[in-house]
Each structure stands twice: as structure tokens, then as C-alpha cells.
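Asker: Starting from the known structure of chain A, fit chain B onto it as the hints suggest.
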Amino acid sequence: MTLDGLGPDFDDFVRSASTSLLRLAYLLTGDHGHAEDLVQTALLRTARRWPSAQAQPEAFARRVLTNLAKDRWRSRSRRPVETAPGPEPGHDDPNGQVLLRRTLLPAVLRLPARQRAVLVLRYFEDLSIDETATVLGCSAGTVKSQTHAALARLRDLLGDVIPTAKEIDHAH
Amino acid sequence: MLTDEQLTDQLRLAFDQATRDITPAPGLGAAVRRRHRQGRRRAGAVRVALPVAAAACVGGAVVSGGGHRAPAPNAQRPTPSVSPIRPVSYVVTVPAQAESFSCLDGNSVPVPHDAATWVVATGPDDCLTIVVRTDVALPGSARPFSLAGVPGLYETKDAAANTRTIYSRNADGRSWSALTVTADTPDAKLRSFYAPSN
Numbered sequence: 001m002t003l004d005g006l007g008p009d010f011d012d013f014v015r016s017a018s019t020s021l022l023r024l025a026y027l028l029t030g031d032h033g034h035a036e037d038l039v040q041t042a043l044l045r046t047a048r049r050w051p052s053a054q055a056q057p058e059a060f061a062r063r064v065l066t067n068l069a070k071d072r073w074r075s076r077s078r079r080p081v082e083t084a085p086g087p088e089p090g091h092d093d094p095n096g097q098v099l100l101r102r103t104l105l106p107a108v109l110r111l112p113a114r115q116r117a118v119l120v121l122r123y124f125e126d127l128s129i130d131e132t133a134t135v136l137g138c139s140a141g142t143v144k145s146q147t148h149a150a151l152a153r154l155r156d157l158l159g160d161v162i163p164t165a166k167e168i169d170h171a172h
Numbered sequence: 001m002l003t004d005e006q007l008t009d010q011l012r013l014a015f016d017q018a019t020r021d022i023t024p025a026p027g028l029g030a031a032v033r034r035r036h037r038q039g040r041r042r043a044g045a046v047r048v049a050l051p052v053a054a055a056a057c058v059g060g061a062v063v064s065g066g067g068h069r070a071p072a073p074n075a076q077r078p079t080p081s082v083s084p085i086r087p088v089s090y091v092v093t094v095p096a097q098a099e100s101f102s103c104l105d106g107n108s109v110p111v112p113h114d115a116a117t118w119v120v121a122t123g124p125d126d127c128l129t130i131v132v133r134t135d136v137a138l139p140g141s142a143r144p145f146s147l148a149g150v151p152g153l154y155e156t157k158d159a160a161a162n163t164r165t166i167y168s169r170n171a172d173g174r175s176w177s178a179l180t181v182t183a184d185t186p187d188a189k190l191r192s193f194y195a196p197s198n
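Quick mapping for you: the protein sequence lines, in order, are chains A and B.
Heads up: the first sequence begins at 1 in this note's numbering, then just goes up one per residue.
Heads up: the second sequence begins at 1 in this note's numbering, then just goes up one per residue.
Okay, chain A solo, but in the shape it has when bound (with noise of 0.2 Å):
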């Protein structure tokens, strides 16, 4: 145990699991600046917790910088995000599923805070919907209607950008 009340186990949490949970922060804001910095902050509040947090610590600074994230997009709610450019389309995407995936992040990003939580978390983190759940504080049954809503939503905003089921099929 060293003079800040934290143990080498603290080290090890920071290295293993600080780059997974920077690409959570900056996929629920949109922004890299603000993601390192609910990071820093999501760390800090697991520090001071880790005494109970240690023993799943992962899952404490996951819940910690979530709500962080959903307090953040309440605020800034009518601000411009940033958003990465993903890949360009080139002659190679017959299909339009490079431009998909290039137009699908900005659309994440429109979506209701929790909306695009239950996505990032389920298609991102891989979590379960239990998972989801206790991540976000609500029912699996909330978890559930939240992603068919986002995906719903995800459609309308995309609208023409998305092929069809029988192209996907046939560009595998």
C-alpha cells in the first residue's frame, strides 16, 4: 500500500483497462478531448472507491463514466459533437457498406444519451443485456426496448445509405 492509499493493483487496473475505456468514452461523446478527460475523471472516483471498487474495478469505472457521459450530453445537449471520419467510400464499395459504417458513427452520436449507450455497450463492449442493465441502472426489459428503438432510429436517420439485406448478403 503506497502513501495515496492505493497498491500496485491499481497500476495494473489503470494499464489494462484504460484504452478500453477511452474508446467507450469518446464513442458516448463523440469527442476525443472530453473522452480522455471522463476517463481521468471516471479513474479518479474508481481511486477513491477502491476499497469496494477493486474487486471488480472494471465494471465500477465503466458505470462511473457512462452516467459521466449521459451528465455531459444533458449539458451540452444542443452543441455540435465531433465526429471521426471513418474510411472513404472507394470503387471497392459496390455495396455502400463502407460508406454505411463511415455514416453509421455520426448517427450513433444523434441518438438519445441512452440510446447510444445500449448500443455502444451491447455492439461495442460486448456486454449481455443483464450487463447493460446494471451498467446503466435500469430493467434488462428497458435494455431491450432501448436498442430495438435505437435501431429503429438508426434507420430513419440513415435512411438511403442502407443496403439491403440481399446486397450485404451477396458482397459476403
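Rather than coming from a laboratory, the hints here were simulated on the basis of the structure.
Here the structure is a predicted model, which is why all the values come from computation and not from measurement.
Backbone N, C-alpha and C define an ideal beta-carbon position, used for all residues, glycine too.
It is possible that part of the hints are untrue.
Short derived list, chain B residues pointing at chain A, Cβ under 8 Å [stated by the list, open to error]:
hint : residue
1    : 8
2    : 10
3    : 11
4    : 12
5    : 14
6    : 15
7    : 18
8    : 22
9    : 23
10   : 24
11   : 29
12   : 32
13   : 33
14   : 36
15   : 173
Computed, partial: chain B to chain A, Cβ under 8 Å [what the hints assert, rightly or not]:
hint : residue
16   : 4
17   : 19
18   : 25
19   : 28
20   : 31
21   : 35
Answerer: Chain B only, in chain A's frame:
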């Protein structure tokens, strides 16, 4: 129309592509430890300082949480990495000649219950009434406000109350302090209230 499974497959690919080059800055753990140590020291200092602060209110006092926010690591990093963001934060200070004022004209400046109201002497025959709240959320309607030498401020205006409110980030990096003055208060008079805390 894509099936849900196909759309979520595309989502996974889009998420992976968008984040594959994002890596944390070196020294993140050290920066967190540093902030953690400073927070523990500050918590100890607050326990000692609270009785002193109560006495200091007679002649003026620091009215917002102070302390330092550890800078994000700024060591050289591989590209394309994340730029360190260090939101500037301030302590809103009231000069020593200020007095807590109990007979404020309620028609000119509305006073919330959690506000501290001060009258500050800004010249031989000139006083300025300010209302300071130290733990508020930044309103969605706030707009960036440019004050020379004090970056990172936001402002809202209330035409009905004839006031302007300036928001500065507190040292904790999350909460904000709000300084409300009459709408015609010159910017130059506002600058002296802000002391950087990081």
C-alpha cells in the same frame, strides 16, 4: 431493409474502425494518482479550514472550492492519439473590501436561496453588487464568453431581470460557479473575481 443482425454487425465494424487508433496518453495512471493525492490533501485541509473560513467571511473570502486539478499527461505520444484536455478552472474570489449585504434591492438582482450576495467597492464612489453560487450546473443556453485573460467562461443573459451570469468551472472539473451581475457591468470589472485554480 437490413435485418437487426446485419445492422448490428455493421455497428460493431464501425465502432472498431472508429476506435482502433485511440490509445490513452502515457502517464494516465500517474496523473490519476496525483489528482487522488491532491484530493486527499484538500479534503484534510477543508476540515481544518472551515472554521477559519467562517470567520473570514466578515472581511471577504474565497467563495468557491480551490485546489489544483492535475494536468492531463502531455508527454509525447504516438499519432493519432488523443489530445490532452485540461479544462481551465477558477476560484471565484471576493475582494477583502466586499461586505455581505442584507438590503439588496430585490428588483434589480434576483437572489436564490443558495446564493451569497456581496457588495464590492470598485472605486471611490462605485460599488458593484454580485451574487455568487458555487455549485451549479452549466445551463444548456450558456454561450462561450470571452473575457481577456480568463478563458473558458460561459455566459447567460436575463433580459427580464437585466442581469448577466458568468459561469466558471470549479476545480473539481465538473461543477460550475455562477457570478451574477447587472447586465451593464463592464467586463473589466469582472476580471478581478477570477483566480485560476489549475
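Asker: Evaluate each hint against the coordinates.
Answerer: Going down the list of hints, with the structure as the test:
For residue 8 of chain B, the shortest C-beta to C-beta distance to chain A is roughly 5 Å, which falls under 8 Å, so the interface hint holds. Given hint, residue 10 of chain B at the interface with chain A, holds; its Cβ is 6 Å from that chain's nearest Cβ, closer than 8 Å. With a least beta-carbon distance of about 5 Å to chain A, the hint placing residue 11 of chain B at the interface is held under the 8 Å criterion. Against a cut-off of 8 Å between C-beta atoms, the interface hint on residue 12 of chain B holds, since the closest Cβ of chain A lies about 5 Å away.
Restraint check, residue 14 of chain B versus chain A: the minimum CB separation of about 4 Å is within 8 Å; hint holds. Taken as an interface hint, residue 15 of chain B checks out: its beta carbon lies about 4 Å from the nearest beta carbon of chain A, inside 8 Å. A hinted interface residue such as residue 18 of chain B counts as satisfied when its beta carbon comes closer than 8 Å to some beta carbon of chain A; here the least separation is about 5 Å, so the hint holds. Hint status for residue 22 of chain B relative to chain A: holds, with the closest Cβ pair at about 5 Å, below 8 Å.
Here the hint on residue 23 of chain B is kept, as its CB sits about 6 Å from the closest CB of chain A, short of 8 Å. Hint status for residue 24 of chain B relative to chain A: holds, with the closest Cβ pair at about 4 Å, below 8 Å. The closest approach between the C-beta of residue 29 of chain B and any C-beta of chain A is roughly 4 Å, which is under the 8 Å cut-off, so the hint is satisfied. For residue 32 of chain B, the shortest C-beta to C-beta distance to chain A is roughly 4 Å, which falls under 8 Å, so the interface hint holds.
For residue 33 of chain B, the suggested interface contact is upheld, since its CB lies about 6 Å from the closest CB of chain A, less than 8 Å. The interface hint given for residue 36 of chain B holds, since its Cβ lies 4 Å from the closest Cβ of chain A, which is under the 8 Å cut-off. A least Cβ separation of about 6 Å between residue 173 of chain B and chain A falls short of the 8 Å threshold, and the interface hint therefore holds. At about 6 Å, the closest approach between the beta carbon of residue 4 of chain B and any beta carbon in chain A falls short of 8 Å, and the interface hint on this residue holds.
Among the interface hints, the one on residue 19 of chain B holds; its C-beta lies about 4 Å from the nearest C-beta in chain A, closer than the 8 Å criterion. For residue 25 of chain B, the shortest C-beta to C-beta distance to chain A is roughly 7 Å, which falls under 8 Å, so the interface hint holds. Hint on residue 28 of chain B holds. Least Cβ distance to chain A is approximately 5 Å, under the 8 Å limit. At a threshold of 8 Å, the smallest CB-CB gap from residue 31 of chain B to chain A is about 6 Å, leaving the interface hint in force.
Look at residue 35 of chain B: its Cβ gets to within about 5 Å of chain A, closer than 8 Å, so that hint holds up.
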